[in-house]
Amino acid sequence: MRVLAVLLAGLALGQVTVADAQIIPTQPRGGGQQQPQPEDTIPVPQFRDAPPVSPVGAALRSLLLPGWGQSILGRRGTGATFVLWEGITLTMAVKSAQQLDYQESIGAETVDGKRQELQDWLVLLGFNHLLAAAEAFVAAQLWDFPADLSVQTIPDGGIAAGVRVPF
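In my numbering, the protein residues as written are 8 to 174.
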């Protein structure tokens with residue numbers, strides 16, 4: 008039990024590699040010299056397809072330009088939605104800034120409201136970047152998830168959605 012605790016602590020701290028953890032020395036019952044167990048020579052096949060970009064790489068791309076990480080992952084519809092919302096919020100922020108400048112130049116009473124409107128659009132712009140980065144990170148993590156989503160009508164006239172996951 009102590010050996011397992013030490014190996015887990017070493018793995019957590021990065022001091023022991025997985026290869027080191029696979030060779031566990033054993034003590035013969037009669038005392039004597041410790042003999043390490045032979046190294047496992049059976050290759051383990053890759054059980055999943057690697058995404059075209061790492062999850063952090065996809066998140067950083069989408070943080071920089073919303074929709075970029077989604078595009079690389081083949082989620083073009085989702086990426087287009089983030090690009091569309093980016094264009095809307097950026098356009099409205101520029102429009103609000105121009106209107107704020109004009110209202111300040113003429114001394115209008117609605118300057119505070121226009122300033123708040125500009126701040127709201129800028130917050131939505133920032134939120135779009137963060138949401139796109141989070142979605143790209145999760146999409147890269149679930150890159151090869153084999154789920155089939157289907158929507159069909161049920162006998163009582165309603166609509167049901169189901170996910171098929173093979174085991």
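Wrong hints could be hidden among the right ones.
[As the list claims (entries may be wrong)] Quick list of simulated restraints, FRET-style, between CB atoms:
id, residue 1, residue 2, range
1, Leu131, Thr48, 17 to 27 Å
2, Val158, Ile113, 28 to 38 Å
3, Gly164, Ala87, 32 to 42 Å
4, Ile113, Gly64, 10 to 20 Å
5, Asp163, Arg122, 50 to 60 Å
6, Ile166, Glu46, 20 to 30 Å
7, Leu138, Val158, 50 to 60 Å
Hint data in this document are derived by calculation from the structure and do not stem from the laboratory. Quantities reported herein were computed from a predicted structural model and do not represent experimental measurements. Every residue, glycine too, gets a C-beta built ideally from N, C-alpha and C.
I want to verify a distance hint. Is the separation of the beta carbons of Leu138 and Val158 within 50 to 60 Å? For Val158 against Leu138, whose Cβ atoms are near 25 Å apart, the range 50 to 60 Å is violated.
So does Leu131 sit 17 to 27 Å from Thr48, Cβ to Cβ? violated (56 Å)
Does the Cβ pair Asp163, Arg122 satisfy 50 to 60 Å? holds (53 Å)
Just tell me: holds or violated, for the beta carbon distance of Gly164 and Ala87 against 32 to 42 Å? Distance hint for Gly164, Ala87 holds at roughly 33 Å.
Take a look at whether the Cβ-Cβ distance between Ile166 and Glu46 falls inside 20 to 30 Å. Between Ile166 and Glu46, where Cβ atoms are some 55 Å apart, the hint is violated.
Does 28 to 38 Å hold as the CB distance between Val158 and Ile113, or does it fail? violated (54 Å)
10 to 20 Å was suggested as the range; check whether the CB atoms of Ile113 and Gly64 agree with it. violated (48 Å)
Taken one by one, the earlier hints fail for this structure at numbers 1, 2, 4, 6 and 7, listed in ascending order.
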